[in-house]
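Those protein sequences? They're chains R and V, same order as listed.
One point on numbering: in the numbering used here, the residue at position 361 of the first sequence is 361, and numbering is uninterrupted.
One point on numbering: in the numbering used here, the residue at position 364 of the second sequence is 364, and numbering is uninterrupted.
In short, the hints are calculated from the structure, not lab data.
Keep in mind that the hints are not guaranteed to be accurate.
Taking lysine to any residue and the SDA-like style, the derived pairs with C-alpha atoms no more than 20 angstroms apart in a straight line are [claimed, not checked]:
1) 116/V with 56/R
2) 220/V with 57/R
3) 116/R with 61/V
4) 29/V with 122/V
Just so it is clear, the structure is predicted and the values come from calculations on it, not from any experiment.
2 protein chains.
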Amino acid sequence: MADETKQLARFIVESRWSDISKDVRHEAKRSLLNWLGCALGGSNDPAVDTALAALREFSGPPQASVLGRHERLDILNAAVVNGIGSNALDFDDTHLKSVIHPTVPVAAALASFVEKFPATGAQFLHAFILGVEVECRIGNAVSPAHYDSGWHITSTCGVFGAAAACGKLLKLSEQQMTWALGIAATQAAGITAVHGSMSKCFNMGHAARNGILAALLAQKNFTSSERGIEAPRGFAHVLSPSCDLNAITDGLGASWELSENAYKPYPCGIVGHAVIDACLDLRTQHSIAPDAIERIDMRVHPLVLMLMGNAVPATALQAKLSVHHCAAMAFIFGAVGVKEFTDACVHDPAAVGLRARVTALEDAAVGKEAAGVSVTLKNGTKHEVYVPYATGSLQRPMSDADLENKFRALAAWGFSTCNTHDVIELIWSFDNINDAASLARTTVPSAAATV
Amino acid sequence: MADETKQLARFIVESRWSDISKDVRHEAKRSLLNWLGCALGGSNDPAVDTALAALREFSGPPQASVLGRHERLDILNAAVVNGIGSNALDFDDTHLKSVIHPTVPVAAALASFVEKFPATGAQFLHAFILGVEVECRIGNAVSPAHYDSGWHITSTCGVFGAAAACGKLLKLSEQQMTWALGIAATQAAGITAVHGSMSKCFNMGHAARNGILAALLAQKNFTSSERGIEAPRGFAHVLSPSCDLNAITDGLGASWELSENAYKPYPCGIVGHAVIDACLDLRTQHSIAPDAIERIDMRVHPLVLMLMGNAVPATALQAKLSVHHCAAMAFIFGAVGVKEFTDACVHDPAAVGLRARVTALEDAAVGKEAAGVSVTLKNGTKHEVYVPYATGSLQRPMSDADLENKFRALAAWGFSTCNTHDVIELIWSFDNINDAASLARTTVPSAAATV
Numbered sequence: 001m002a003d004e005t006k007q008l009a010r011f012i013v014e015s016r017w018s019d020i021s022k023d024v025r026h027e028a029k030r031s032l033l034n035w036l037g038c039a040l041g042g043s044n045d046p047a048v049d050t051a052l053a054a055l056r057e058f059s060g061p062p063q064a065s066v067l068g069r070h071e072r073l074d075i076l077n078a079a080v081v082n083g084i085g086s087n088a089l090d091f092d093d094t095h096l097k098s099v100i101h102p103t104v105p106v107a108a109a110l111a112s113f114v115e116k117f118p119a120t121g122a123q124f125l126h127a128f129i130l131g132v133e134v135e136c137r138i139g140n141a142v143s144p145a146h147y148d149s150g151w152h153i154t155s156t157c158g159v160f161g162a163a164a165a166c167g168k169l170l171k172l173s174e175q176q177m178t179w180a181l182g183i184a185a186t187q188a189a190g191i192t193a194v195h196g197s198m199s200k201c202f203n204m205g206h207a208a209r210n211g212i213l214a215a216l217l218a219q220k221n222f223t224s225s226e227r228g229i230e231a232p233r234g235f236a237h238v239l240s241p242s243c244d245l246n247a248i249t250d251g252l253g254a255s256w257e258l259s260e261n262a263y264k265p266y267p268c269g270i271v272g273h274a275v276i277d278a279c280l281d282l283r284t285q286h287s288i289a290p291d292a293i294e295r296i297d298m299r300v301h302p303l304v305l306m307l308m309g310n311a312v313p314a315t316a317l318q319a320k321l322s323v324h325h326c327a328a329m330a331f332i333f334g335a336v337g338v339k340e341f342t343d344a345c346v347h348d349p350a351a352v353g354l355r356a357r358v359t360a361l362e363d364a365a366v367g368k369e370a371a372g373v374s375v376t377l378k379n380g381t382k383h384e385v386y387v388p389y390a391t392g393s394l395q396r397p398m399s400d401a402d403l404e405n406k407f408r409a410l411a412a413w414g415f416s417t418c419n420t421h422d423v424i425e426l427i428w429s430f431d432n433i434n435d436a437a438s439l440a441r442t443t444v445p446s447a448a449a450t451v
Numbered sequence: 001m002a003d004e005t006k007q008l009a010r011f012i013v014e015s016r017w018s019d020i021s022k023d024v025r026h027e028a029k030r031s032l033l034n035w036l037g038c039a040l041g042g043s044n045d046p047a048v049d050t051a052l053a054a055l056r057e058f059s060g061p062p063q064a065s066v067l068g069r070h071e072r073l074d075i076l077n078a079a080v081v082n083g084i085g086s087n088a089l090d091f092d093d094t095h096l097k098s099v100i101h102p103t104v105p106v107a108a109a110l111a112s113f114v115e116k117f118p119a120t121g122a123q124f125l126h127a128f129i130l131g132v133e134v135e136c137r138i139g140n141a142v143s144p145a146h147y148d149s150g151w152h153i154t155s156t157c158g159v160f161g162a163a164a165a166c167g168k169l170l171k172l173s174e175q176q177m178t179w180a181l182g183i184a185a186t187q188a189a190g191i192t193a194v195h196g197s198m199s200k201c202f203n204m205g206h207a208a209r210n211g212i213l214a215a216l217l218a219q220k221n222f223t224s225s226e227r228g229i230e231a232p233r234g235f236a237h238v239l240s241p242s243c244d245l246n247a248i249t250d251g252l253g254a255s256w257e258l259s260e261n262a263y264k265p266y267p268c269g270i271v272g273h274a275v276i277d278a279c280l281d282l283r284t285q286h287s288i289a290p291d292a293i294e295r296i297d298m299r300v301h302p303l304v305l306m307l308m309g310n311a312v313p314a315t316a317l318q319a320k321l322s323v324h325h326c327a328a329m330a331f332i333f334g335a336v337g338v339k340e341f342t343d344a345c346v347h348d349p350a351a352v353g354l355r356a357r358v359t360a361l362e363d364a365a366v367g368k369e370a371a372g373v374s375v376t377l378k379n380g381t382k383h384e385v386y387v388p389y390a391t392g393s394l395q396r397p398m399s400d401a402d403l404e405n406k407f408r409a410l411a412a413w414g415f416s417t418c419n420t421h422d423v424i425e426l427i428w429s430f431d432n433i434n435d436a437a438s439l440a441r442t443t444v445p446s447a448a449a450t451v
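When you get a sec, could you build the whole thing from the sequences and use the hints?
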């Protein structure tokens with residue numbers, strides 16, 4: 001009888017910090033730096049304000065920080081809000097194999113959790129690495145059928161990652177960790193119908209919160225299935241038309257999914273990044289003014305249009321899932337940052353006009369990380385470019401310096417008084433930090449609450 | 001384009017108390033009486049104690065009662081615990097068409113909710129009736145494929161019911177109610193792999209809590225899909241291999257699902273009730289002593305064995321899903337109440353021995369609410385009985401007096417100092433009560449907190 005849930009539980013419980021290579025540890029820091037920037041950049045997003053307005057009067061003791069803000073909530077509610085905020089800009093990382101955005105659910109859970117349950121920086125990193133491992137391996141097992149059928153995979157798998165990470169810090173027994181994964185399995189939720197609304201980033205916060213809850217319940221011996229993942233009516237079979245459970249256990253401990261994590265240079269759906277690279281490239285190479293453009297034609301993988309095929313986005317949120325808008329922004333502004341996905345830019349007449357001149361064609365021969373774009377000018381000239389790999393892909397990764405720059409830009413956008421130098425230093429030295437709660441606390445504006 | 005979500009939202013928003021017939025109002029009171037008894041009976045269940053131990057230090061202000069206990073939690077956490085407690089004994093009601101246990105998610109949400117957001121008894125009953133309507137209609141639309149594929153339908157549909165009910169009390173606009181249903185859709189969760197563990201009743205509490213959250217978020221204009229139920233990547237298509245969306249809107253307002261609610265005379269899986277009736281009948285008619293029994297043979301619908309086919313239950317929870325145990329208890333004790341599903345009875349050597357003499361055969365010709373049982377005695381005598389409809393079925397409903405007796409027995413089991421007379425009177429006159437919070441408060445042991 002298959003026992004993937006128990007094998008995973010045993011792996012999490014038995015894993016030691018010394019099992020983790022230097023490279024994986026460093027990738028964990030890169031992931032956290034990228035994530036914390038996203039959280040600060042998104043800390044004033046309307047979704048965060050709205051969630052706080054709804055949750056505040058039901059929150060427990062002020063145990064944990066809301067990143068980049070002065071509010072404090074109990075750890076469960078803080079995880080919800082921090083999950084929402086750090087995903088709000090759609091600027092977080094991507095595990096390309098599963099299309100999971102791995103850091104948000106695990107880090108939003110951990111950052112709140114360690115404000116109540118003390119841990120060292122190394123313990124935090126270790127738990128984070130394990131959480132991402134669990135989340136992505138479960139995602140691999142149900143990919144691609146699970147996402148294709150409408151599940152928001154980051155949310156459905158993220159709850160396992162958050163449970164594993166917090167359970168590791170709680171030093172759960174193998175039995176308790178098995179239950180924690182079962183409690184995670186029965187909370188797995190999140191559908192992609194809500195993409196384009198605030199509920200998309202809610203899914204991430206909800207997963208982070210529910211993962212913490214799974215670990216807390218299991219610690220008190222709240223029982224669950226022993227086979228929450230692989231049982232006939234367990235997560236994998238119920239939530240996916242097909243699955244390969246071997247992907248959960250094959251090479252467990254030998255390879256690390258975090259090594260395949262990718263970071264976004266642009267704050268929108270990752271499958272649109274090659275289009276942006278291509279458009280920026282065309283604009284720069286040929287000094288193209290937007291007014292000179294007759295039409296823009298792009299060839300992209302079918303998935304790109306499934307995820308980002310909205311030709312007439314009506315809101316900033318919808319624009320993040322519109323390759324048409326991405327192309328228009330690249331040509332109009334020569335940059336595609338957070339500002340280019342504000343309502344002001346979405347409704348800009350120049351943007352509306354240029355989006356209408358974009359034609360996007362599916363082409364299964366084009367890779368998911370690639371794009372071919374041709375621009376035809378009103379004078380009849382036509383320029384073409386093919387981008388095989390987008391910036392930020394595994395083949396063209398962002399450097400540590402790129403990530404630092406991205407962090408500074410995001411902090412400037414969402415939390416301008418942030419001491420970015422200190423936060424960046426904190427993260428690069430996080431394995432030597434005594435109190436992992438400093439991660440959240442350094443981002444709190446109030447002088448009294450900072451370290 | 002289909003717009004079931006909006007149609008449901010409009011229906012909830014526009015519904016008036018005067019639209020509800022006397023019969024449906026009375027059935028709502030019957031449902032609440034049955035539910036509150038279950039909540040009191042289950043108030044000291046280990047699942048409740050364990051959940052409280054885990055949640056207590058993260059709970060917000062003491063806004064709402066834990067039924068039958070002195071603890072007070074914020075309304076969201078109270079709903080979790082009350083959902084767990086009122087389902088813990090598996091004694092709550094059943095909407096037979098969908099196999100949803102309709103009252104727990106909606107009533108656990110409302111009972112906590114009205115302690116913070118005041119409502120009259122009539123408003124509570126109205127919201128409850130609407131919540132059950134929404135929950136069961138969505139369940140009808142995805143039945144039977146949804147449950148058959150491993151979804152805990154009470155949990156996945158209950159979250160909609162709780163959202164609708166609390167949203168009604170918040171007087172959400174049609175737009176907000178549409179979002180509330182979308183936020184419910186993206187939280188829909190709960191798999192049957194966890195049945196037989198504490199996580200089964202957690203699913204119910206989680207649904208109640210998440211439904212409240214959906215309403216609270218929507219009230220603050222936290223956006224979601226406009227088509228959370230019927231969108232291609234919405235609830236119905238993602239969580240069910242097949243669905244009939246017409247079941248959501250056909251005859252909306254003309255018929256009421258609550259009219260088809262059924263109450264259990266025995267605290268175990270409902271599909272085992274006809275077996276118990278048959279065994280009790282055989283025992284009484286033929287004065288059969290358990291030691292005289294050579295073998296018990298039953299013929300049941302295949303669903304019965306799928307849901308309750310555990311021949312060797314190891315725990316009280318597992319015994320509730322074992323027709324073998326049900327039959328043994330009926331013959332040994334001549335009664336099948338809460339006591340017969342305690343660990344003591346499960347491990348009783350007489351029970352172990354008699355369960356081993358039970359043979360259960362699938363027979364698709366036997367109705368889901370029927371059972372044929374034959375008992376062969378050691379002296380060679382054989383007696384048979386066929387029960388076409390179990391006690392508590394729509395064809396043989398429990399009377400108001402039966403429900404009062406059940407309430408008293410459950411209160412005596414879980415909360416012996418309860419003034420059952422007053423609580424029963426309160427519920428029968430609930431449409432004339434000014435403060436619906438009295439429902440929860442009358443069940444609190446502390447003198448100061450009772451009405």
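For each hint, the structure was consulted:
1. 116/V with 56/R: Given that 20 angstroms is the threshold and the Cα spacing comes to 14 angstroms, the pair holds.
2. 220/V with 57/R: Holds: residue 220/V and residue 57/R sit about 13 angstroms apart, inside 20 angstroms.
3. 116/R with 61/V: Distance ~18 angstroms between residue 116/R and residue 61/V Cα, so the pair holds.
4. 29/V with 122/V: Given pair residue 29/V, residue 122/V holds - Cα atoms ~11 angstroms apart, limit 20 angstroms.
Against the hints set out earlier in the document, no violation occurs for any number.
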